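Participant: Please take these sequences and the hints and turn them into a complete structure.
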Amino acid sequence: QFLEQHGNAVAKATYEAHIPIYYYQPTHADCQVLREQWIRAKYERKEFTEPGRQLPYSNGLKEGILWKRGRDNGQFLPRKFLLSEQDGCLKYFAKPDAKEPKINIKIDTINATFQPVKIRNPNGLQISYLKDNKTRNIFLYHGDGKEIVDWFNAIRAVQVHYLKVAFPVASDSEIKSRLMQKFLKEGYMEKTGPRQREAFKKRWFTLDHRRLMYFKDPLDAFAKGEVFMGSREHGYSVTQGLPAGAQGSFSWQYGLTIVTPDREYLFTCETESDQQDWIAAFSQVIEQPMTPQEYAIEAYFKLSS
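Taking the numbering used here, the leading residue of the sequence shown gets 14, the next gets one more, and so forth.
One thing to keep in mind: the hints can contain errors.
[As the list claims (entries may be wrong)] Here are the in silico distance ranges between beta carbons for each label pair:
#, residue 1, residue 2, range
1, H174, S317, 28 to 34 Å
2, K195, Q306, 43 to 49 Å
3, K108, A312, 19 to 25 Å
4, Q260, S296, 22 to 28 Å
5, L90, E283, 19 to 25 Å
[What the hints assert, rightly or not] Restricting the straight-line Cα-Cα distance to at most 20 Å, the calculated cross-link-like pairs of lysine to aspartate or glutamate (EDC-like) are:
#, residue 1, residue 2
6, K204, E277
7, K198, D85
8, K204, E285
9, K131, D100
10, K55, E76
11, K198, E285
12, K198, D230
Keep in mind that the hints were calculated from the coordinates and are not lab data. It should be emphasised that the depicted structure is a prediction, and the values quoted were computed from it without experimental measurement. A virtual CB, placed ideally from N, CA and C, is assigned to each residue, including glycine.
Facilitator: Shown next as structure tokens:
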């Protein structure tokens with residue numbers, strides 16, 4: 014009704030007047046729970062109409078119960094989670110009355126993405142973080158869409174606080190670009206080993222900016238392996254097809270090759286469109302210059318490989 018009477022520009026100026034930089038503003042490509050809660054936050058709860066308003070995800074502290082998937086048995090069980098800006102971490106506890114957390118996750122290593130299809134829940138959230146420079150995944154949901162989106166934005170709010178400390182002169186747009194991002198691409202490919210003679214095996218791949226991870230199952234807690242994707246100027250490239258000498262047997266016909274300074278990685282895709290999508294995603298990363306932090310990550314990958 015308001016939109017009909019006043020038009021979109023006036024509605025935007027009214028209901029989007031004071032959106033915090035950390036609040037994720039979904040697009041049509043995002044999942045239902047993000048889009049629905051964005052609309053409700055604007056028009057129903059009017060969260061962004063006043064400056065400096067205290068929001069449920071803005072005070073640097075959040076505690077509550079989320080349903081977490083068991084690493085080994087795949088069963089979802091309620092677990093207490095605590096997000097603390099003061100401690101700079103997200104903790105979860107195996108029991109509500111436990112004094113010590115089961116896991117203590119540093120806020121600057123977290124990436125959180127909504128995964129309703131993978132988790133088979135409309136409010137499914139995947140949290141990925143680094144442990145000993147290896148990626149660990151935990152899969153969560155909450156029955157209330159507002160609550161899971163509040164958790165998502167609360168994590169982003171704490172990340173912004175730490176980014177502003179680390180980069181005091183950075184603009185808001187620079188800070189936003191350093192916040193956790195959606196995975197660039199996920200899906201199945203087949204891969205072979207370093208000798209290029211082993212049979213290709215079907216694996217689930219996730220491209221999280223410069224980390225390409227592969228898993229036996231999409232809901233695995235730990236990757237079976239990770240590949241660092243550097244920049245073209247440092248010897249990284251992606252090409253369509255497989256090298257002439259590749260001998261491993263494969264069932265999918267659409268190949269691609271990633272070249273790094275140390276070795277070649279060979280993959281096959283089920284369809285040509287999938288192959289082209291993966292090549293485009295890899296190219297997007299490779300064409301970007303590396304940051305100082307990414308040089309450090311690359312060095313760690315080389316040490317541990």
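Participant: Compare the structure with each hint and give your call.
Facilitator: So, going through the hints one by one against the coordinates:
no.: 1; hint: H174 with S317: 28 to 34 Å; verdict: holds, 31 Å
no.: 2; hint: K195 with Q306: 43 to 49 Å; verdict: violated, 20 Å
no.: 3; hint: K108 with A312: 19 to 25 Å; verdict: violated, 40 Å
no.: 4; hint: Q260 with S296: 22 to 28 Å; verdict: holds, 27 Å
no.: 5; hint: L90 with E283: 19 to 25 Å; verdict: violated, 35 Å
no.: 6; hint: K204 with E277; verdict: holds, 11 Å
no.: 7; hint: K198 with D85; verdict: violated, 25 Å
no.: 8; hint: K204 with E285; verdict: holds, 16 Å
no.: 9; hint: K131 with D100; verdict: violated, 31 Å
no.: 10; hint: K55 with E76; verdict: violated, 24 Å
no.: 11; hint: K198 with E285; verdict: holds, 16 Å
no.: 12; hint: K198 with D230; verdict: holds, 16 Å
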